[in-house]
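Residue numbers (my numbering), protein chains in the order written: chain Y, 60 to 404; chain L, 34 to 207; chain A, -3 to 163.
By construction, these hints were calculated from the structure, which means they are not laboratory data.
Heads up, some of the hints might be wrong.
Said to hold, decoys possible - Below, a list of computed lysine-lysine pairs in the DSS-like style, where the Cα atoms sit at most 27 Å apart:
no., chain 1, residue 1, chain 2, residue 2
1, L, Lys82, Y, Lys92
2, Y, Lys203, A, Lys124
3, A, Lys157, Y, Lys381
4, Y, Lys403, A, Lys124
Stated by the list, open to error - Label pairs and their in silico Cβ distance ranges:
no., chain 1, residue 1, chain 2, residue 2, range
5, A, Val98, Y, Ser294, 52 to 60 Å
6, A, Leu42, Y, Asn235, 21 to 29 Å
7, Y, Glu126, L, Thr86, 29 to 37 Å
8, A, Leu135, Y, Ser294, 51 to 59 Å
9, Y, Glu282, A, Phe11, 40 to 48 Å
10, Y, Glu126, A, Phe7, 30 to 38 Å
11, A, Ile17, Y, Ser294, 34 to 42 Å
12, Y, Leu339, A, Leu145, 47 to 55 Å
13, A, Leu135, L, Trp61, 38 to 46 Å
14, Y, Glu282, A, Ile17, 38 to 46 Å
15, A, Thr104, Y, Trp397, 54 to 62 Å
16, Y, Pro257, L, Ile75, 21 to 29 Å
Said to hold, decoys possible - Output of the computed footprint for chain Y on chain A, the stretches with three or more beta carbons under 8 Å from beta carbons of chain Y:
no., stretch
17, 21 to 32
18, 54 to 60
19, 64 to 70
Glycine included, each C-beta is placed from N, C-alpha and C at the ideal position.
If you want the building blocks of each chain, they are given just below.
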Amino acid sequence: MELALIIEKFILITVVFALSLVVAMYSTLAERKIAAFLQDRVGPNRAGPGGMFQPLADGAKMFFKEEIIPEQASKFLFIAGPSLAILTACTGSAVIPWGDAIAVAGRIVDLQVTDINVGILYIFGVVSLGVYGVMIGGWASNNKFSLMGAIRAASQNISYEIPMGLSIIALLLVTNTLSLKEITAQQHGWHWNVLYQPLGFLLFMICSFAETNRTPFDLPECETELVGGYHTEYSSMKLGFYLFAEYINMFISSAVMATLYFGGYNYPGMDWVNNLLGPLWGPLIGVAVLFLKIFVFIFFFMWVRWTVPRFRYDQLMNLGWKVLIPLAIANIVITGIWITISDKL
Amino acid sequence: MMVVERKNRMKSLTNKKKVLEQKPMNFWERLYLPAIFQGMAITFMHMFKKKETIFYPEVKREFSENWRGMHSLKRDEQGRERCTACGLCALACPAEAITMIAAERKKEEEHLYREEKYASVYEINMLRCIFCGLCEEACPKEAIYLDGNIVESDYLRQDFIYGKNKLVEAPFKA
Amino acid sequence: MNISLFYLVAFLSIFFSLLVIFSKNPVHSILYLIITFFTFTIHYILLNAQFLAIVNFIVYMGAILVLFLFVLMLLNLNKDSEPLKSNLLKIIGVIGGMCLLVTLVGSTKALHLSNPVVLQTQNLGLVKNLGKVLFSEFLLPFEVSSILLLSAMVGAVLLAKREPNNV
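This is chain Y alone, in the form it adopts within the complex:
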């Protein structure tokens, strides 16, 4: 491996990491602002112009709060829980193609940290690992409510991974590849996968709401029943890590949805723009378009949170097993028939 490539990847990883942290940070502000707007309020507006520095203030508060570890808790696992949650949240961004290859100083730079052969499955694996942070933290707290939250998180994540995987299978029938880079390249212009897989997208979206523990699927931390769910016993930056991991997860899953179904960095008329602006600025516009799509999805996540009430636990399970899984299987069958017919024609 040449040195330039290592430096290039290093810079890319740093930028992606920093970006996802910044986006997650400002998502906390956006969440409060959007909640306020949807309820005819103004939201936090004292720290800085329009509340711009509110996330910094919140972060500083988190750092300076007292750190409490319960006496009966398993100390190592109590610390390992939030660390694992934020670690798994951050590693998901490695395979997402942030943009087309750009030409900088005579080098072609891929705006993707690594293009592994099984990109989608990698994300799937990281997502499925994310539940360990919640489970370990909830168990180590040695508290009934935390344990209930952890157990709910585990059963919810496993139940919703299945329809998620099935909806991805239908997508793979269309794309014929697992690599996210190729999937994005196939959706050039306006050939977005959502046009071929509307039902699959709907299923995937519902499941990603469940996987990120967002309302209406936020039963693991449901405060009306479980105090704070799995993070009842947490305080200070450990609590901050859990909350932060949720926002990073939201960012990553928005990026995945935008990449898989909404064309990633592709947009109608991109060839014309690329010819106009050249091989550096053209793809960078694509990156901006991808981020626009991501922000729309993040807004959608928050919009749903402040509209739809939480499911009851049996409703959650019924929806997962009796509605989403049959629908996902039907989607696979329909997609298979459609592909066979269109191949014959």
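Fit chains L and A to the known structure of chain Y by using the hints.
Frame of chain Y; chains L and A shown alone:
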């Protein structure tokens, strides 16, 4: 069973009651998605509505006419304290928040107190007070009114016992 | 470099699998098992079997062990509620252990240094090649195993379902 019996016995006097019929949901209703999108449209519309927030320290909401806030002990037209320490307010107070010590007016104090007797100490415990306004009603001299502001927060319980220095209204200036 | 990495990962997987057996707290031993499976994933990656690696990652680490952990969390395993082991069980355990030891010692006699496995085709583990092999050469075993899984699933549903007259 109880409910059914009561329904038969009790007849509504007016015809305003509407009987709600619960039909089984049709396909679109069972999908829930239309209802969800409807709800989301409603919340989205609220983004553009007028914000109801009042920016508190800078802007204050007006109190209503019958608002009862902090007590104030009134003075008469010549700036003399009206209170005569009769103790009716303390007697009327359901929370027993008011205490006072009466004193006799001296010759040279006639410009300070209206009656021969006055309250040398008058204390209201704001943590006990329930702002019911019964003291206001009990007062024969129209000396106490709950027309003040919101009682301010503080750190110590003893600081909530307001004496005359906080309660008596400022001397009238012509 | 690859060989030394292999030995490091192999050491780690043996180390953690020993910890699985020796740790007293069952939840800890499940967590060690997760790490053990993670080292297996690294082994697969070293063999360039990306698909197997990721499937091991998702299915074993992400699903099956979550369920293990789930079940263990529901058990309240305090020290005083541990079941007493009778002497008979201890004796049986000792005999079983001795048998295993004898077998292991016997098997070391047949041990000889094997040549490191050399992959015939470097990209065998990639999805495309694996899919081709599975759906042409090994189609029958593949389908039979899928029927096996289906029957297991039907059995599980049947067991979980209450009898209608008991409701």
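Structure-based check of all given hints:
Straight-line distance between C-alpha atoms of Lys82 (chain L) and Lys92 (chain Y) comes to about 14 Å, which keeps the hinted pair within the 27 Å bound. Pair hint Lys203 (chain Y) plus Lys124 (chain A) does not hold up; C-alpha atoms about 47 Å apart against a cutoff of 27 Å. For the proposed pair Lys157 (chain A) and Lys381 (chain Y), the alpha carbon gap of about 14 Å is at most 27 Å, so the pair holds. Restraint check for Lys403 (chain Y) and Lys124 (chain A): the C-alpha separation of about 23 Å stays at or below 27 Å, so the hint holds.
Between Val98 (chain A) and Ser294 (chain Y) the Cβ separation comes to about 55 Å, which falls inside the hinted range of 52 to 60 Å. Under the hint 21 to 29 Å, the C-beta atoms of Leu42 (chain A) and Asn235 (chain Y), about 28 Å apart, fit the expected range. A hinted range of 29 to 37 Å for the beta carbons of Glu126 (chain Y) and Thr86 (chain L) is consistent with their spacing of about 35 Å. Distance hint check for Leu135 (chain A) and Ser294 (chain Y): the Cβ-Cβ separation is about 57 Å, which falls inside the suggested range of 51 to 59 Å.
Between Glu282 (chain Y) and Phe11 (chain A) the beta carbons are some 41 Å apart, a value that agrees with the proposed interval 40 to 48 Å. The beta-carbon spacing between Glu126 (chain Y) and Phe7 (chain A), approximately 35 Å, falls within the hinted interval of 30 to 38 Å. Between Ile17 (chain A) and Ser294 (chain Y) the beta carbons are some 36 Å apart, a value that agrees with the proposed interval 34 to 42 Å. For the hinted restraint 47 to 55 Å between Leu339 (chain Y) and Leu145 (chain A), the CB-CB distance of approximately 51 Å keeps it satisfied.
As the Cβ distance of Leu135 (chain A) to Trp61 (chain L) is approximately 43 Å, the hint placing it in 38 to 46 Å holds. With their beta carbons about 40 Å apart, Glu282 (chain Y) and Ile17 (chain A) fall inside the hinted range of 38 to 46 Å. As the Cβ distance of Thr104 (chain A) to Trp397 (chain Y) is approximately 59 Å, the hint placing it in 54 to 62 Å holds. Distance hint check for Pro257 (chain Y) and Ile75 (chain L): the Cβ-Cβ separation is about 24 Å, which falls inside the suggested range of 21 to 29 Å.
Coverage of the stretch 21 to 32 of chain A by chain Y holds. Counting CB-CB distances below 8 Å, 3 residues qualify, and the rule asks for three or more. Under a criterion of three residues with beta carbons nearer than 8 Å to beta carbons of chain Y, the stated coverage of the stretch 54 to 60 of chain A is upheld, 4 such residues being counted. Using a Cβ-Cβ cut-off of 8 Å, 4 residues of the stretch 64 to 70 of chain A lie near chain Y, which meets the minimum of three, so the contact claim holds.
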